[in-house]
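Student: Start from the sequences and build out the full structure, keeping to the hints where you can.
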Amino acid sequence: GNSVTQMEGPVTLSEEAFLTINCTYTATGYPSLFWYVQYPGEGLQLLLKATKADDKGSNKGFEATYRKETTSFHLEKGSVQVSDSAVYFCALSDPGGSQGNLIFGKGTKLSVKP
Amino acid sequence: NAGVTQTPKFQVLKTGQSMTLQCAQDMNHEYMSWYRQDPGMGLRLIHYSVGAGITDQGEVPNGYNVSRSTTEDFPLRLLSAAPSQTSVYFCASSYTGQPLTNEQYFGPGTRLTVT
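Protein sequence lines, in the order shown, are assigned to chains Z and W.
First residue of the first sequence: 1, per our numbering; consecutive thereafter.
First residue of the second sequence: 1001, per our numbering; consecutive thereafter.
Because the hints were derived from the structure by calculation, they are not lab data.
Just so you know, even glycine gets a beta-carbon here, dropped at the ideal spot from N, CA and C.
No false leads were mixed into what you were given.
Here are the in silico distance ranges between beta carbons for each label pair: (1) Z:1 - W:1062: 16 to 26 angstroms; (2) W:1016 - Z:14: 42 to 52 angstroms; (3) W:1067 - Z:1: 24 to 34 angstroms; (4) Z:40 - W:1082: 21 to 31 angstroms; (5) W:1115 - Z:111: 22 to 32 angstroms; (6) W:1051 - Z:71: 27 to 37 angstroms; (7) Z:70 - W:1010: 39 to 49 angstroms; (8) W:1077 - Z:68: 40 to 50 angstroms; (9) Z:40 - W:1057: 23 to 33 angstroms; (10) W:1008 - Z:3: 29 to 39 angstroms; (11) W:1008 - Z:45: 14 to 24 angstroms; (12) W:1062 - Z:17: 42 to 52 angstroms; (13) Z:55 - W:1016: 42 to 52 angstroms; (14) Z:53 - W:1009: 33 to 43 angstroms.
Tutor: This is the structure:
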């Protein structure tokens, strides 16, 4: 079935360090891919998305490229800030399921130290 | 636009009690869903609805009921609460017209504790 696997955390970085959070997926068809961010005590917010192969999503200095050949959608940021501390979820639209359904990874907690 | 709203923010129940978690959205989205979030488990889909009058089960539907009488509201009912239902519950909605992106908008969550 369709699934998302993302690197386990927690990830702890110093401010201005480079960030990569790996995400790979299994899906039939052509799903859209998403990264959501959850700040402490809040709901999830869409961070970026890509709807077809080779698309690059970007927002707030974060980037991810939809790689169909490696079934990956890794999240990167060149220089993290303390305010980026949050839980990050990779997700895909369920191409075989009902319209609207998303499948989420288990989340990766990022802590950035000053 | 308030987006997706959920009430209450916090709730403590005793085993066997029933309650309804409220969810409303003002974006005229056809699709609405309920997730639960547990440590190390990510988000798991409980129930979803693709429009008023239509609901379906997700990955973990047991112990929960839903109904969708209007486009705006999608309440989640716990019939007889159990400690295993202690969790954070999120409601989400999305636009299902074209272009279809499946981007979901989340509410702030309800933290439920069952003792």
